[in-house]
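Engineer: Two chains, two separate frames, one set of hints: put the complex together.
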Amino acid sequence: MNTTLLLVQALNGLQFGILLFLIAAGLTLVFGVMDFINLAHGVQYMLGAYLAAYFAAITGSFWLALPLALLGALVIGLLLEFLVFRHLYDRDHLSQVLATFGVILFLNQGVKAVFGTAPLQVPVPDLLTGGVRVMDGLLYPTYRIAILAAGLATAGLLWFLVERTKAGMLVRAGASNAPMLSALGVDVKRLFMLVFGFGAMLAGFAGVMAAPILSVEPGMGDNFLILAFVVIVIGGIGSVRGAFVAALLVGLVETIGRGLMPDVMRLFLDPSAARQTGAALASMLVYIVMAAILAVRPAGLFPAGR
Amino acid sequence: MGFTWRSAALPLAIFALLAAAPFLGFSQGWHFTMLARGMVYAMAAISLMLLVGGAGLVSLGHAAMLGVGAYVVVVMDHAGVVEAWKVVPLAVAAAAAFALLTGAIAIRTSGVHFIMITLAFGQMAFFATSSLALYGGDDGYTLYNRLELFGTRALEGRMVFHFTCLALLVLTWALVTALLASRFGRVLRAARDNETRARAVGFEPYPYRLAAYVIAGAIGGLAGVVLANATEFVAPAYLAWQRSGDLLFMVILGGLAGPHGALLGAFAYVLVEEWLAKLTEHWRLIFGPLLILCVFFLRGGLISLPQLLGGRRDG
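Just so you know, the protein sequences line up as chains A and B, in that order.
Take the first sequence: its letters are residues 1 to 306, numbered as in my numbering.
Take the second sequence: its letters are residues 1001 to 1315, numbered as in my numbering.
Chain B with its partners taken away, still in its complex shape (with noise of 0.2 Å):
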């Protein structure tokens, strides 16, 4: 999971597809609610694939992550404060200390045990943001603006907020795959490998994985204001656990060989649910079989294809 110059194609492939998408003719209003779905989601993803790709933490609770960030954008919004250099900050902190929080619990167990205890950390986050009546309970809260740029309303041109989505997105990415190939991505890998040699060597696990949830959290949240400010409106579902399998797939969808493979999968995710919505209404009834296929046939994912197509090739 070092950096290559070749994993990076893909990517820079599609941030420069995402930035010229507007001037190939994608400039109506649902050409830009979709991008702005895809590049949030891309970034919860990726930020996914640092637990499940390098540290081995399945997590089935990191919508949570998305819906404290946008919660505290809504919680902002109700006081009047709409000021992103000082909501965005904030929001993210909230994620991040809720990631050290759960994680701290978490942690400490490992395999199933995790899977569900990341769950329940989900379920209840999405309990409560549904018992909060003062932000619409489980209805929901419309955001009649988005957040403010130094005072301007800068965010609320389409062009501005599409840039500066992918601008965040293409921070997300390069970040995490810093992450992955610095020391501290190899402790992570050595600890999911052979925990017990891990040890052996002298890396106590639990601080690092600690570390790579609550980064992954700070992602997570600031992937939900980003979502809050797209959509215009925030509500439990959010939080759902729906979401986190969704976010799951995603990741696997893409394949987990290093974080192109979240933002490829992300991307997928978002056109073929497109495709088949306007299919039919009952899209989930493809959309479930399509998930079970994609686990049983695409083992390595999407970007292993050009290998399972092409025979194998060693790079």
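Looking at chain A on its own, in the form it has when it is part of the complex (with noise of 0.2 Å):
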């Protein structure tokens, strides 16, 4: 392992990451404010992936495709906040637990046979082709580099929106106590429909960016799901900064204990065997991660004010 693939495996790594922010952001403030566990967010970055596969067939052009679908992932979004999650909010979370378990079966199913299960391929637009020179001998995909760039800047508009604006100061409110801000004559209903609709749409936003390098597939969001999960209770529930640097960590740990494991193994083994416990490792590295951080501070690294 030399410099430059570790240069590509960080940034491998940190482009993971952010997606992975954008996940774990929806669900942490959705968590914070609302105390909702919703285990249906992974399928709403799977429907984002979808929706943008859909409308650039239809349309032939990315750029449409993704006002489009992130539309339809708010909307549905919203519908499902409606149909279902509306009417658990003052349930147990072993109730929103298994109902939201229970939209995961369906959309999951929903989308088999709506597109079938073979993958679907969504192509590179056309302006991020090709890639730009990092360092000598490293050419980096512009792609990802936009998909680093754009969630950074979503980032910071999520930043700015929570910490800068009266919404956000409604949303920080809500989560550090929900029902006196619902007696100082906040409609908290509203506000919780306002953040989940944000919600669904950063993870469809997520699903659209990741469509062209990850293949369209079924269950597609129930990976991302856990690691999210994963995230947000590293970052610590509820906090939207610890939710950044955790998922920044996260991915940089799943990536390069990937791409480093088995190479530290084989100081130790021979290199069959370096090679299968190198990759058994790496994989639950980052639950390794999560438990030792645990250990020391159960509430997470940035635990929201409570």
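I should point out that these hints are in silico values taken from the structure, not numbers from a laboratory.
Keep in mind that a hint or two might mislead.
[What the hints assert, rightly or not] Below are the EDC-like pairs computed for lysine to aspartate or glutamate, each with C-alpha atoms no more than 20 Å apart in a straight line:
id : chain 1 : residue 1 : chain 2 : residue 2
1  : A       : Lys112    : A       : Asp222
2  : A       : Lys189    : A       : Asp35
3  : A       : Lys112    : A       : Glu217
4  : B       : Lys1086   : B       : Glu1156
5  : A       : Lys112    : B       : Glu1273
6  : A       : Lys112    : B       : Glu1281
The structure displayed is predicted, hence computed values, not measured ones.
Structural biologist: Here it is in structure tokens:
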């Protein structure tokens, strides 16, 4: 493993982390403000990718597909809130887990019924094909850099919205004490819907951006969902800042671990055993990091004020 | 959740039906397969019920316990050890050890954190088994024979296997029922209902909860051994988190009032799944909304149905 390869891994890790952040941000806001566990947040990411694939195929343009897919993700998110989630806010976490699990079963099967089980491909938009010379002998795909930039811009926007606007102030107030906010005359139900729709759109956005580089297939949101949970647990539930730091951490650990672990193991074991144990350890690494962090700080790195 | 003969009537009826099933015409291969699946899930659901209903610990990683048990069978099979009296205790011990290790960390947290940590540990086990190239990796491992009983192939016989499963299921139910009715169960419930008060009267919940977690894990491991032998095939898919979700659904579907709920829930789940799968290949399109409707309207689970339908009856 040389410097170039390590740099590529680090960039891939950051880009993976940014996607994770977009999913985790919605999840942590929804949880922080509404005390609501939404397992179906991962399928929102999958829907974003499928909508992008669908609209890109119809319109022939990624740039037209992007806003249409975002709108679609928003509409589906609000529809789910209206049909299912709204009735679960005053139920216990167990009921929320189960009902949103039902939503996952339905939607995963739904995209299978509509689009088939074969993975869909979305072409990389013309404007962003090719690569950028990062250093001597290292050409990094432009599209991946664009993901990184778009993700960072979204994170900045999110920070601005949450920390510097009135709506953001209400969201933060809701996260620390929702009944009090309601007593002060704020329509908490509408606030919930706002946060929910926004979170659904963020996850959808991550799906749209991931569509050209990952294969679009049923169940693609499930693994992301679990990593997003790891992110918000490490970051501290309800904290957007924590989600950002933790998402980058998880992205880097996951990606670099996969690249590095087999090499590290080769110091102790023969090559074939090293490859196996390395791969096994790499896929467990994120969870080991999480367990270690929680063993020291059970509320996560940046617990939201409660 | 104390033991009453009334709450035992339903399980005893189910056990009697299971025992009679092969003689009532349900004696084809796929009947036995379905019944075995139901019994395995019932064992797993009852052990999960000890956690969810008894201790208030909502674990979303229980499938990993079954997975550990099933993979011990695989590892031993690969090493040429197929004697039940060696494999079963080892599998149960391995699952209990896994539960002890992960539980020691997970039980430090509570509420949502606990749900997510158990989910994460489940995923860890899933990825670990996926990378076991020696045992088939993602594709899984085919067992060519069931475990041997004192060197005989008795378990290959459909009837013997059916009644072995049934005996283990009855044993599981009796154990969990007894545990919940005991002082141990009362402490678990006290800590579930009001942790502060339980502490105030001198019970530190942690060791009780950890013990419950380990016992549930051990029973889960046993269910895993039976599952591996019933299907004669083991794959990482057995440990997928969706399996844990299914198990949790069985427990809630039946009702949290006692182990009989989990038992009923598991069989109801298997029957509905079997029926819907015959109807359409996209059966999950119906199953998902069905699950949501159950959460909305069937709050006490199936075992509360008589009260819901026939007006309230105090008992």
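Engineer: Confirm or reject each hint.
Structural biologist: Checked hints:
Taking the CA atoms of Lys112 of chain A and Asp222 of chain A, the gap is near 15 Å; set against the 20 Å cutoff, the hint holds. Between Lys189 of chain A and Asp35 of chain A the CA atoms are separated by roughly 13 Å; this keeps the pair inside 20 Å, and the hint holds. Simply put, Lys112 of chain A and Glu217 of chain A have alpha-carbon atoms about 8 Å apart, close enough for the 20 Å limit, and the pair holds. Only pairs whose Cα atoms come within 20 Å are accepted, and Lys1086 of chain B paired with Glu1156 of chain B is accepted, the gap being roughly 18 Å.
In summary, the hint linking Lys112 of chain A to Glu1273 of chain B is supported, as the alpha carbons are separated by about 18 Å, within the 20 Å threshold. A threshold of 20 Å between alpha carbons decides the hint, and for Lys112 of chain A with Glu1281 of chain B the separation of about 10 Å falls inside it, so the pair holds.
Figure legend: structure checked against the earlier numbered hints; every hint is met.
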